[in-house]
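> The lines below spell out each chain.
There are 2 protein chains.
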Amino acid sequence: MKKFMNEAGSILTESLDGFAMAHADILTLGGGHKFVRRRTLRPGKVALVSGGGAGHEPLHAGFVGHGMLDAACPGQVFTSPTPDQVLEAVADVDTGAGALLIIKNYEGDVMNFEMAAEMASGAIAKVITNDDVAVENSTWTTGRRGVAGTLVVEKVVGAAAEAGMALDGLKALGDAVNGATRSMGVALTSCTVPAAGRPTFDIGADEMEFGVGIHGEPGRRRDTLKSADAVAEEICAAIAGDFGDVRGRDALLFVNGFGGTPAMELYLIYGAARRLFEARGVKVVRALVGSYVTSLDMAGCSITLSLLDGAALELWDAPVHTAGLRWGL
Amino acid sequence: MKKFMNEAGSILTESLDGFAMAHADILTLGGGHKFVRRRTLRPGKVALVSGGGAGHEPLHAGFVGHGMLDAACPGQVFTSPTPDQVLEAVADVDTGAGALLIIKNYEGDVMNFEMAAEMASGAIAKVITNDDVAVENSTWTTGRRGVAGTLVVEKVVGAAAEAGMALDGLKALGDAVNGATRSMGVALTSCTVPAAGRPTFDIGADEMEFGVGIHGEPGRRRDTLKSADAVAEEICAAIAGDFGDVRGRDALLFVNGFGGTPAMELYLIYGAARRLFEARGVKVVRALVGSYVTSLDMAGCSITLSLLDGAALELWDAPVHTAGLRWGL
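Protein chains in written order, with this note's numbering: chain A, 10 to 338; chain B, 10 to 338.
Hints are computed from structural coordinates only; laboratory data are not their basis.
Hints are not guaranteed to be accurate.
The list treats identical chains as one, so a pair stands whether inside a single copy or across any two.
As a list, the in silico BS3-like pairs of lysine-lysine whose alpha-carbon atoms are at most 30 Å apart [said to hold, decoys possible]: (1) Lys-12 to Lys-54; (2) Lys-180 to Lys-235; (3) Lys-12 to Lys-292; (4) Lys-11 to Lys-54; (5) Lys-180 to Lys-135; (6) Lys-12 to Lys-135; (7) Lys-11 to Lys-180; (8) Lys-135 to Lys-54; (9) Lys-235 to Lys-54.
If you're wondering where the values come from, they're calculated on a predicted model, not measured in any experiment.
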């Protein structure tokens, strides 16, 4: 295992320490290393709280800040945060208008966030993201997995919260954006969890995993290495097929790297995916390309199509100032 | 070789096509794929033109836009752009106030940019970056290599050009920022050039290369895998030692990923480097952490310390809107 680390047991806290030092203008650590929270809260705004296992950076801590989350709870690598972490975060950032929990659909995350929701004293609503069309159930998931589309939910709902939308409206908006968003990924290599010290799965030098999960969960099938165009075609066909009818729809096209894939390859995939969606009648009106929802050092990428309408597009465009996503500020 | 590509011969042009589609609000391609240029030029502003071999994305094309470059010329992977490319780019974006060429110190780049400068019809000045303290000469370099510090030069000089500074002033500022900037990198794995199809250098499962270049050039020495703290200490000591006296100086601390290293590890290194520089009396007042000057899919990182004074810090903070770096807009 080749990583910049001191000990596997302290990689998360040491990384969070560096993260908090680098972005002290935006955020602070809360409860030791239990959560990352905005430096300044705005009373009366609904609090947005997310989190999940570490290893997907910048998701979620990198999306704490103006226009996105108020707090994020990082679990150990690929491990759900505890109910205690979520409860403390909610108590810290809920200024009286309630809290919306944004949860990726993994059994541990859902269970622990729900336990926290039951114990919280203020008003709570939940949005569970499940944008991954690759498989219906998975290693740690009943139903579809929540993957890169979670970023889109956090951005759009975050902008609406900033604009003063109440808890019920944000819950409905989050569910709607999740419902309008589909993703699928492909791995060229496995990730390596620091505490395990070896690759999560074996994959041959001429193989790829179609539909891989962001923790290295199996996808639809193992196949021999395909061209970028063939990879993009399979993913775009799966996403468009799952939507049913995409003709004439405005969309954000988001190509996400898993951590070990450089920008040059992501842009090449973006070009291929864009041509393929446009050939299906999609109007690609917004783009995002980069490593935002990662799987440690995995080489691979996912493609996300989000059918954002006019109002949601305005929320996507609204100013955001976080470590991982920033514009207009 | 596992990459998202169709053919090695078309990876650059296909990637540029995707890049231009994703960032059509900021930039366009010029002369086919000869250069990337700002969509809108501002007459009377000095034109900033950079470039170099592809494979270091987002450098340089990702820094074209308001507050940074006017044009960037991408060569084939790890290959200098031709004089013809640079000449066409300069002719296209020089609106009459002259052009400043920002060149990383590699023999091919320096030669080709200088040939273009000699042929150009307008006023031309050059800044050659050479921030890498690892070695004095290298595979393709007489003198020190230009590496991640080039981003700092492009950002600071870009802001000054935007504010109306004339060509002579920009040249002096660029040289001063380069002179106040030192970097050193370390590789955990080799990169793989698409046309070669195999790793550029062999490195054992328990080895790292101290002082590696961004094309995989040899560094100071090969060593066994060290802890993150030990890696940071060696690099910070080399940088601080090269500066001589850093006590009491304001600085930007920039931890740069080489393409295959995830954010979690970069932030851990940032925390370690920050503590080490602060222990030497540096006042770290700005941070940048991410994969900005990459080496294809290499796992590794570099640390850059830039002793920016008050005026240069204001230029660093000035609004920028590019594909790779964005704030305030």
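> Can you name, in rising order, the numbers of the hints this structure does not satisfy?
Those not satisfied are hints 1, 2, 4, 6, 7, 9.
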